[in-house]
Amino acid sequence: MTNDFKVIDEQFEAGRNAINSYVIGFVLSIALTLIPYVMVVNHMLSVQTAVVSVVGIALAQLLVQVIFFLHLSRKSKPEWNLIVFIYTILMVVFLVIGSIWIMNNLKYNMNMADASPLNSNEGYIPQ
Amino acid sequence: MTTEILHHSEDAHELHHNKEAKALFGFWVYIMSDILLFGSLFAVYAVLHNNTFGGPSAKDLFSMPFVLIETLILLTSSFTYGLASVYARHHDRKDMVVFWMMVTMFLGVAFVTMEISEFAKLFSEGHSWQASGFLSSFFTLVGTHGVHVTLGLVWMGGLLAQVLKYGLTQTTVGKISTLGLFWHFLDIVWIFIFTFVYLMGAL
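Top to bottom, those sequences are chains A and B. Heads up: take any position in the first sequence, counting from 1, add 12, and you land on this note's numbering. Heads up: take any position in the second sequence, counting from 1, add 3, and you land on this note's numbering.
Since the hints were made in silico from the structure, they are not lab data. Take the hints with a grain of salt, since some may be wrong.
[What the hints assert, rightly or not] Within a straight-line C-alpha distance of at most 35 Å, the following computed DSBU-like cross-link-like pairs (lysine-lysine) qualify: (1) B:62 to A:119; (2) B:25 to B:97; (3) B:124 to B:22; (4) B:124 to B:25; (5) B:178 to B:168; (6) A:119 to B:124.
[Claimed, not checked] Selected chain A positions facing chain B (Cβ under 8 Å, derived; list incomplete): (7) 31; (8) 43; (9) 120.
Backbone N, C-alpha and C fix where the C-beta goes; we use that ideal spot for every residue, glycine too.
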């Protein structure tokens, strides 16, 4: 009987911890939403500083939500969840940075082509 | 004999638990593929967001207070869903689960409604997805997120009906955890839309 109560107590304790985790996550994520909003709307920083801090805060927000809402850190065992997650993030970073890099490069080279008479289409007669 | 039965039922319990853990992991892998989808759309937006074709840019189009309210609504819905899942997993309180799921659905519907009204406003002012590369990528990125939220709401409605009908069984609690992954994931995607599309667009 006492054992049963102990089980229920433990369940309740775990539940309270889980609620605490959600409350902390919620408060932090609200703060991490309002801070960059106020910074941007009131133009408190120069554009370059603002971009860096807004992206930094978004990454902090990602961390907060992954830890307090998705509880990724608490999953023990072989940690497959965490491994595939990190791999996916890595892929997305390659994809996004790679796209921006390549497309900017392309734009730069296309502008060069416009300027150079060698590469222009002037006088080009389609066969 | 008794111990054997006990042993057997414990095995069954563990088997069920394993099955659920596997299903949850499988769903997690699906979410990873969804991250790649959104990653691609973010890359497209990053490349095209300056191609306004002489039309208005992000700075001219978006109302920041409106977007802030949208963001806070979605954040709160993620929190209220978290409460529902805690009451399902730890307290076995069906009434609280139903209540918090309904609050979540209400907030979700409010979010989708706000998004549709924003889209309708842009569209009626002539800033449709056909106007420029910037607007095409904007509507694709934000619209894909909106479709996900809408599907999540349909799913939540179905799950709510199941909870009401069958109560908090091992199966329904497992499903509540799975939908939780999806809902929190959509919140995270929105944080990046908020940051990269709206905040950086307003700079």
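Hint by hint, here is what the structure shows:
1. B:62 to A:119: Holds, because 23 Å separates the two Cα atoms, which is no more than 35 Å.
2. B:25 to B:97: The given pair, whose Cα atoms are some 25 Å apart, holds under the 35 Å limit.
3. B:124 to B:22: violated (47 Å)
4. B:124 to B:25: violated (44 Å)
5. B:178 to B:168: holds (14 Å)
6. A:119 to B:124: holds (32 Å)
7. 31: At 5 Å from the nearest chain B Cβ, residue 31 of chain A passes the 8 Å test, so the hint holds.
8. 43: violated (11 Å)
9. 120: violated (13 Å)
Checked against the numbered hints listed earlier, the structure breaks hints 3, 4, 8 and 9; every other hint is satisfied.
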